[in-house]
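Novice: Going letter by letter, the sequence shown gives residues 650 to 991 in my numbering.
Treat each hint with caution, since some may be false.
[Said to hold, decoys possible] Ranges of calculated distance between the beta carbons of each label pair, as one might list FRET restraints:
no.: 1; residue 1: R946; residue 2: R801; range: 51 to 61 Å
no.: 2; residue 1: T958; residue 2: S819; range: 46 to 56 Å
no.: 3; residue 1: E814; residue 2: V908; range: 34 to 44 Å
no.: 4; residue 1: S819; residue 2: S955; range: 49 to 59 Å
Keep in mind the hints are simulated off the structure, nothing from the lab.
Beta carbons: idealized from backbone N, C-alpha and C, even for Gly.
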Amino acid sequence: MDDETSAAERSTGAARNQVLRGRLSRATELAARAVATAVQSVSQSQGHGSGPLGHGEELTAALAVQAWAAAWRGDSQLADQASARAMHQLDAGWSRRLLVELLGARLHLGDVDGCQRLAALAGVETDPGRVAPVLRPWICESMVNVELTRSRPARAALWAEHAAETAQPSMWGHTAVMHLANGQVALARNDLQVAQLRASRAAEGFTDAGMPGYAARSHAVVGAALIGMGERDAALRELSMARRLAESCGARALAAELVDAQLSLSVRRAPQVRSMDSLTVREHEVAELAVRGLTNRQIAEKLVVSVKTVEGHLSRVFTKLGVPCRTALAAPLRKIDAELVH
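Produce the entire structure from the sequences given, and follow the hints as far as they go.
Specialist: If you want it as structure tokens, here you go:
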């Protein structure tokens, strides 16, 4: 293997490790280095690799990790550009190896259709058994988020079951990510005590494993469950912990969402009325689009309003429904829709 090829592979692997460890600035630097080195190698060899990976494959891997790091940092433009370039040159084998990174990037962008296409290309639409064991529970957790974003909790529950079946306690983060997957499904089903328990175990596991970004996500799920249980002060503590962890990683989008959740919760003193009567037609419309996975900008474009207007509608929806963030909207909205039917 030549020096440039090995340098690209090493930088990509190191960047992936740094994302998992919540060192996003360093991950971004390493991923950019990997992309630059791989681009140079492709140019020099005209696409013919001399090592275990071809130079074109090295570039695909580097771009996928770059997109993943950008998504965690809230850099939507880079996440979109890098993941689109990577997806353009994927085959089934490579889509399976890079599925966690690419699903993470496209989920951040609200591209659930793109996520479904990735899963189909990888051949794992219903079964993670075709990917390496070390990746299986991570892919299951990603697919839980895809299905919850599409408001399909039953499908999400199947992926959570796969996560439980494929997690190996001896592998880094497996048990924690399995609990996170099941906690998110429980929250979506309004099974709040189970959601709190599962997500708490996930937070502990990720903290022990040195994965603060995933620990932040887990604490956020605990906070959402506690809000639903009426435990306002405990929820504030969990959301505060989640925010501090997200900020320490440089996960800007998650940190901003958690700040909004804290502010919304801190000004409430009494339980809010949770029914369709408390939402305007426009607020309900915006909330439904958010549950479907659209970003604020995508909602604004669809409804022909400003992003600030969308942010205002969502802030009022969070307050009225007593939820901290968009990931906790699905259950109360389904309850509202059921009330309308009856």
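Novice: Look at each hint and say if it fits the structure.
Specialist: Okay, the hints, checked on the actual structure:
1. R946 - R801: 51 to 61 Å: 24 Å, violated
2. T958 - S819: 46 to 56 Å: 50 Å, holds
3. E814 - V908: 34 to 44 Å: 37 Å, holds
4. S819 - S955: 49 to 59 Å: 51 Å, holds
Hint 1 from the earlier list is the only one contradicted by this structure; the remaining hints agree with it.
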